[in-house]
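Q: Residues per chain, in single letters:
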Amino acid sequence: MIAFFGYLGGRLGRGLAVIVGVLVLSFLLVRLAPGDPAMLMAGEAGTDDVQYVAKLRHDMGLDQPLAQQLLTWLGQAARLDLGYSYRNQASVWSLIAERLPATLLLMGSGFVLSSLIGVAMGVLAARSQRRRGYLDRLISHTALVLYAMPSFWLALLLILLFSVLLDWLPAFGMASVDTDLHGWALFHDYASHLLLPALSLSFMFLALYVQLTRSAVLEAMGQEYVRTATAKGLKPARILYDHVLRNAFLPVVTFAGMQLGQLASGMLLIEVVYAWPGIGRLLYDALSQRDYPLLLGIFLVISVLVVALNILTDLICRWLDPRISSGS
Amino acid sequence: MPTSFSRPAPSGWRKSVRALSAALLASACLSITPVWADPQAGGVLNLVSQPEPPSLMHGLVTHVSSQYVSGKVLQGLLTFDTDLKPQPVLARSWTIAPDGLTYTFDLQEGVRWHDGQPFTADDVLFSFKQFYPQTDTRLAGIFNEFIASIDKTGPLQVVFHLKKPFAPLLSSLGSGLHPIAPKHLYEGTDFRSNPYNLKPVGTGPFVFKEWKRGSYIKLVKNPDYWKKGLPYLDEIVFHVLPDATSRAAAFERNDVQVLRSGDADYADLSRLSALPGVASSDKGYELYAGLAFLQMNLRKPPLDNVKVRQAILYALNRPFIVDNIFFGAGKVAQGTFSSSTPFHDPQLRQYNYDIAKAKALIAESGVDVGKTHIRLLNGEKGGAWERLAEYTKQSLQPLGFKVDVVTSDAATWFQRVSNWDFDLTYNFVFQIGDPYLVTSYLYRSDNIVKTTPFNNVGGYNSPQVDALWNKVADVAPGPERTRLYSELENRLNDDLPLAPIFEMRFPTLYHSQVKNLLQTATSLNESYDSVYLERSAP
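Here the protein sequences line up with chains A and B, keeping their order. The opening residue of the first sequence carries number 1 in our numbering; numbering runs sequentially from there. The opening residue of the second sequence carries number 1001 in our numbering; numbering runs sequentially from there.
Note that these hints are calculated values from the structure, not bench results. Please note that the accuracy of each hint is not assured.
Calculated pairs, DSSO-like style, for lysine-lysine (alpha carbon to alpha carbon, straight line, at most 27 Å) [unchecked claim]:
#1 B:Lys1381 x B:Lys1393
#2 B:Lys1228 x A:Lys55
#3 B:Lys1212 x B:Lys1228
#4 B:Lys1300 x B:Lys1357
#5 B:Lys1359 x B:Lys1381
#6 B:Lys1228 x B:Lys1085
#7 A:Lys55 x B:Lys1359
#8 B:Lys1199 x B:Lys1209
#9 B:Lys1331 x B:Lys1085
#10 B:Lys1450 x A:Lys55
#11 B:Lys1471 x B:Lys1402
#12 A:Lys55 x B:Lys1371
Which stretches of chain B does chain A cover? Using the computed rule of at least three CB atoms under 8 Å from a CB of chain A, they are [said to hold, decoys possible]:
#13 1239-1252
#14 1507-1516
Source: prediction; values computed, not measured. Backbone N, C-alpha and C fix where the C-beta goes; we use that ideal spot for every residue, glycine too.
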């Protein structure tokens, strides 16, 4: 138990260092890009008043030296104060809190869809391959096609097919406006809005899961412990679930941890295409408006999410394979 | 319960079959189905808000997206018909003294703000004596120069006393740019951070209800609207849809009933306008009179040479640009001022596409235009503008220019152009009625200031032109003012500090069930108090 807490403490410490590193790098990269938020805001206000621009820069702290701004921001972040978005006239926390649930819902759904279907298809393909079946080739080729398609393009095709032509699903948004829905009707409304974005987000990763699971299962099936289990007279299904999958899952779980980080970036395009009111779009808007506090706040939240999920992945791997320990 | 015209989301293939059957039946019955003859009350109008507005007080933000939404909530003294003649809104009537020095406005009676407070002359005084002088530096400059005082002569009467005649005064008091701000909610506050900028309280036909950021903005009918019996609509919902293709799909599904110019890609316009039940119109932008132009930085060679600038305009095949790059969404510019306005001189010399003449002008200039690379800064305005930048590069190559197209995002473009860090760039201006009010900022030397891309960023400095701008402001409308504007436009046409490319057409696509949509010179940003949705009779 002490070893476990030591391991966890180490991972948390490294995670914290990664977050701080990401924040410093993000801060510097954002500032390296041209674009002045004060000038943009003054332009939107239709004013060419130099004093107004100077006042805005002062209010935003942009008249301070860069190092001072960085230290100030890190100090605020340490106190969990992410500052104020002048563009949106709201605190950064409130803006993120408003959008984060939508993103988590989409991200979670995309993750569940891609991992469950991908792993199931991968196992099916591996089993079919051993029987030299057509199913393996069908699944593998479909996966390859899905992987090769840009997700935003696929998203548009899905909208055209299921929303415009067939009229089965809504084309945009997270829920219907002006509805007084409860219970099943409310669930149905959210689910029908969620399905296409979640599918679009999951397809690319689904393909990777298929290929990864397929090769991992095939490799595990060739191991001697599987032959031993077969010789002992165990049923094929039990060999698959008790022995093959447990070992084959290690690379899959590791990939899942990485995927969660990539999902965050994949969401940006999907949220734009489906007008999904999530954090990806907030990030896009903040970037185009050079809303520095909001940008850094979003970077912080995404970094924390990715690091936390990676630690969780490590813990699951450790549980799946007890040989993995802090020292080895 | 309001009647929504957006489709509910059916849940299965059976619904699509039912929908198809219904569509076939509807089309079969169309010729015999009666429609209501008079405006019908009720219904929800679904519109697109893109980009999401930064504020809902459009007196503070000149963003079109803000005007589009809050134009239904907030109102100004007057608006303009399609001939740019002022029409009453909160000002019931007005009189102008013969010497042009006194404007008396009588305000509408019985008007209340959405929170129940009465609208009075104090609100108008507050708006034009405190609110706008602090928040709109350009209007403040005009008022400083021309306005002696603004007085209340009764609870519903306001008088503007001028120091000297200022012909464009009425143009500057329109609902589109300067809505009246509620004194009781703004006085004594920091106007720019006032919370009511995000939940506006106005006098308009629609009351702000909800802004779910990233999703939609909802307005509901004002039951106490001062025009009795109006508005017809129960609600207006502005959906925030960031992707052009998704907006087109939503329009095709009738999830949204109107697409403004720019909501759909230019390449998609002809397909969408050909859909059954869809109408298209260029009306409603007369006040804006958009003009796209090639901005040139006159500070360094070779663009400091007038013959080189003229050669550039001769080398650009503008009919090709309009027809093939913008898919007909425009008209070749005839001069500095929009040809749809009375300020344009129809006798102006034209720069018709003539590559031989362009080469001759380069030769005459004696400038080696290929000596240095020229940066054409391309902002993030959409695919057509990117193609225009590439086309420009190709068109100038035969003249010997070495053009590098530098593409950047909107924020970078904004900063670089504001800081004069460019050689060429495309931009556009809304003339907003009288050219003195907005267009002049592109040319007057007192607007060579590093704050915005929408002033004299090219560094054009002509004392004669400055003097002409000052004169047109002082002279009352009439033949003398027309002559002055003609002289001004001719001089600018010769100096060519920026090259007018095309007058922008703003096609609005809408489902024909939407009635009374385009009625004034700023139709889409109007209050929509008379807009209604036509439904078939039961």
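Q: Does lysine 1228 of chain B pair with lysine 55 of chain A here, judged by a C-alpha cut-off of 27 Å?
A: Violated: lysine 1228 of chain B and lysine 55 of chain A sit about 45 Å apart, past 27 Å.
Q: Do the alpha carbons of lysine 1199 of chain B and lysine 1209 of chain B lie within 27 Å of each other, as the hint requires?
A: Satisfied, since the Cα-Cα distance of roughly 8 Å is no more than 27 Å.
Q: Count residues of the stretch 1507-1516 of chain B with a Cβ under 8 Å from any Cβ of chain A, then say if the count reaches three.
A: violated (count 0)
Q: Hey, lysine 55 of chain A versus lysine 1371 of chain B, does the alpha-carbon distance stay inside 27 Å?
A: Distance of about 42 Å is beyond 27 Å: violated.
Q: Are the Cα atoms of lysine 1212 of chain B and lysine 1228 of chain B separated by 27 Å or less?
A: Violated. Lysine 1212 of chain B to lysine 1228 of chain B sits at ~30 Å, over the 27 Å cutoff.
Q: Need the status of pair lysine 1228 of chain B, lysine 1085 of chain B: alpha-carbon distance at most 27 Å?
A: 24 Å, holds
Q: Would you check the hint for lysine 1300 of chain B and lysine 1357 of chain B, treating anything up to 27 Å between C-alpha atoms as holding?
A: 23 Å, holds
Q: Go check the stretch 1239-1252 of chain B versus chain A for me, would you? Three or more residues, Cβ under 8 Å, otherwise it fails.
A: Since 10 is at least three, the answer is holds.
Q: Is the Cα-Cα distance between lysine 1359 of chain B and lysine 1381 of chain B 27 Å or less?
A: 31 Å, violated
Q: Check the hint pairing lysine 1471 of chain B with lysine 1402 of chain B against an upper bound of 27 Å on the C-alpha distance.
A: 40 Å, violated
Q: Is the Cα-Cα distance between lysine 1331 of chain B and lysine 1085 of chain B 27 Å or less?
A: 23 Å, holds
Q: Within 27 Å, alpha carbon to alpha carbon, are lysine 1450 of chain B and lysine 55 of chain A?
A: 15 Å, holds
Consistency with the previously given hints fails for numbers 2, 3, 5, 7, 11, 12 and 14, ordered from lowest to highest.
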